[in-house]
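Using the sequences and the hints, build the whole thing.
There are 2 protein chains.
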Amino acid sequence: MKKLDDLIDVFAKLPGIGRKSAQRIAFDILEKSENEIDEMLNTIKTSHFGIKHCKICGNLSENDICEICSDDKRDKNVICVVEGVRDVIAFEKSDTYFGLYHVLGGKIDPLNGITTEDLNLKNLINRLDGSVKEVILALNPDLEGETTNLYLTKILKGKNIKVSKIASGIPIGGNIEYTDILTLGKSLEGRIDIE
Amino acid sequence: MKKLDDLIDVFAKLPGIGRKSAQRIAFDILEKSENEIDEMLNTIKTSHFGIKHCKICGNLSENDICEICSDDKRDKNVICVVEGVRDVIAFEKSDTYFGLYHVLGGKIDPLNGITTEDLNLKNLINRLDGSVKEVILALNPDLEGETTNLYLTKILKGKNIKVSKIASGIPIGGNIEYTDILTLGKSLEGRIDIE
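Keeping their order, the protein sequence lines are chains S and B. In this text, residue positions in the first sequence follow full-length UniProt numbering: the first is 1, and each later residue adds one. In this text, residue positions in the second sequence follow full-length UniProt numbering: the first is 1, and each later residue adds one.
Rather than coming from a laboratory, the hints here were simulated on the basis of the structure. Accuracy of the hints is not assured; some may be wrong.
Which copy? The list can't say, so a pair holds if one copy fits it or any two copies do.
[Stated by the list, open to error] Calculated pairs, EDC-like style, for lysine to aspartate or glutamate (alpha carbon to alpha carbon, straight line, at most 20 Å):
#, residue 1, residue 2
1, Lys93, Glu34
2, Lys52, Asp28
3, Lys3, Asp87
4, Lys32, Glu62
5, Lys2, Asp75
6, Lys45, Asp9
7, Lys76, Glu92
8, Lys52, Asp38
9, Lys159, Asp129
10, Lys3, Glu67
11, Lys13, Glu36
12, Lys32, Asp6
13, Lys45, Glu134
14, Lys133, Glu62
If you want it as structure tokens, here you go:
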């Protein structure tokens, strides 16, 4: 049945949903009333239309400037540079960071054709107008993340701004025995004096 | 952000999708272009509106009568009674059954308030007009399935129709050691002479 296959396809294309789950969702959709469907489609439409990127930091926002950038209580001296909005949410949940963010929208990845041109970099440079004292690089610790870190360190050099990088190491609750050698190396390299 | 939470909620309400997956899907949605979103919403709307239940068997169909009921090559002498349309799809995939189906839309389940009134039973009785020689009961082998089997056997009695029930037992590739005792009992009870 073409219409059923089309419906399953819609959900199978979403990230993390396999064919089997998509089928299950499609049947669930078919059992909903027309009102429920209208409400659902309307929410998707309204959200997609109403959520944009903050003009300062690139975070998601319902307004031109996001809640974090427009929050007077945040420390405007520190900018934490992240890859995506998901990372902002993760740091916010941790309730340990009270500065600002800058969302790059990816990292330098020449193999996949992503260059500095594709990232939200110009806005970052514009923000470094003297009030910013520290930039924390919080990209995922992989090859592309390190490449991007190197690039950012280079362009931030000579601007009299402290540049730091989040620590890599064994996750809390993790197990040394089962930790990969790269992480183990990082955990030694980044060791902290305790006395 | 209310709009983002609303969007996540839409997907978190779908079956088999947790909060974390719903969040991932929501971000994916936000990255789509307006055209892609319109196409997606349109497909959902069209499918929901265009797929109905077959007037004969209750299977999903784009027309009044489903593809199976209107297929001349199917054996009209046998009706396989199933709980839902998913079961029809499963049997069709197995490519081992060539008769007709009847979708009950559930099974008798007094604890959850589902009685014979809520099932697609009248249509089934109407179909037993003499051309049908066998009814195969293919409900899931649990308490409610057995209750429904008993009820159906009772109303089919005296109609000069053969009533059968699909076999329960150890699944192909299954392991006797790890099979629950009820299934083991059924596998013995339903043993087949091999010589």
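Against the structure, the hints:
no.: 1; hint: Lys93 with Glu34; result: neither (36 Å within a copy, 30 Å between copies)
no.: 2; hint: Lys52 with Asp28; result: between (30 Å within a copy, 13 Å between copies)
no.: 3; hint: Lys3 with Asp87; result: between (37 Å within a copy, 19 Å between copies)
no.: 4; hint: Lys32 with Glu62; result: between (29 Å within a copy, 17 Å between copies)
no.: 5; hint: Lys2 with Asp75; result: neither (55 Å within a copy, 24 Å between copies)
no.: 6; hint: Lys45 with Asp9; result: both (19 Å within a copy, 14 Å between copies)
no.: 7; hint: Lys76 with Glu92; result: within (16 Å within a copy, 63 Å between copies)
no.: 8; hint: Lys52 with Asp38; result: between (23 Å within a copy, 17 Å between copies)
no.: 9; hint: Lys159 with Asp129; result: within (9 Å within a copy, 89 Å between copies)
no.: 10; hint: Lys3 with Glu67; result: between (42 Å within a copy, 13 Å between copies)
no.: 11; hint: Lys13 with Glu36; result: between (22 Å within a copy, 12 Å between copies)
no.: 12; hint: Lys32 with Asp6; result: both (17 Å within a copy, 18 Å between copies)
no.: 13; hint: Lys45 with Glu134; result: neither (39 Å within a copy, 50 Å between copies)
no.: 14; hint: Lys133 with Glu62; result: neither (28 Å within a copy, 64 Å between copies)
Consistency with the previously given hints fails for numbers 1, 5, 13, 14, ordered from lowest to highest.
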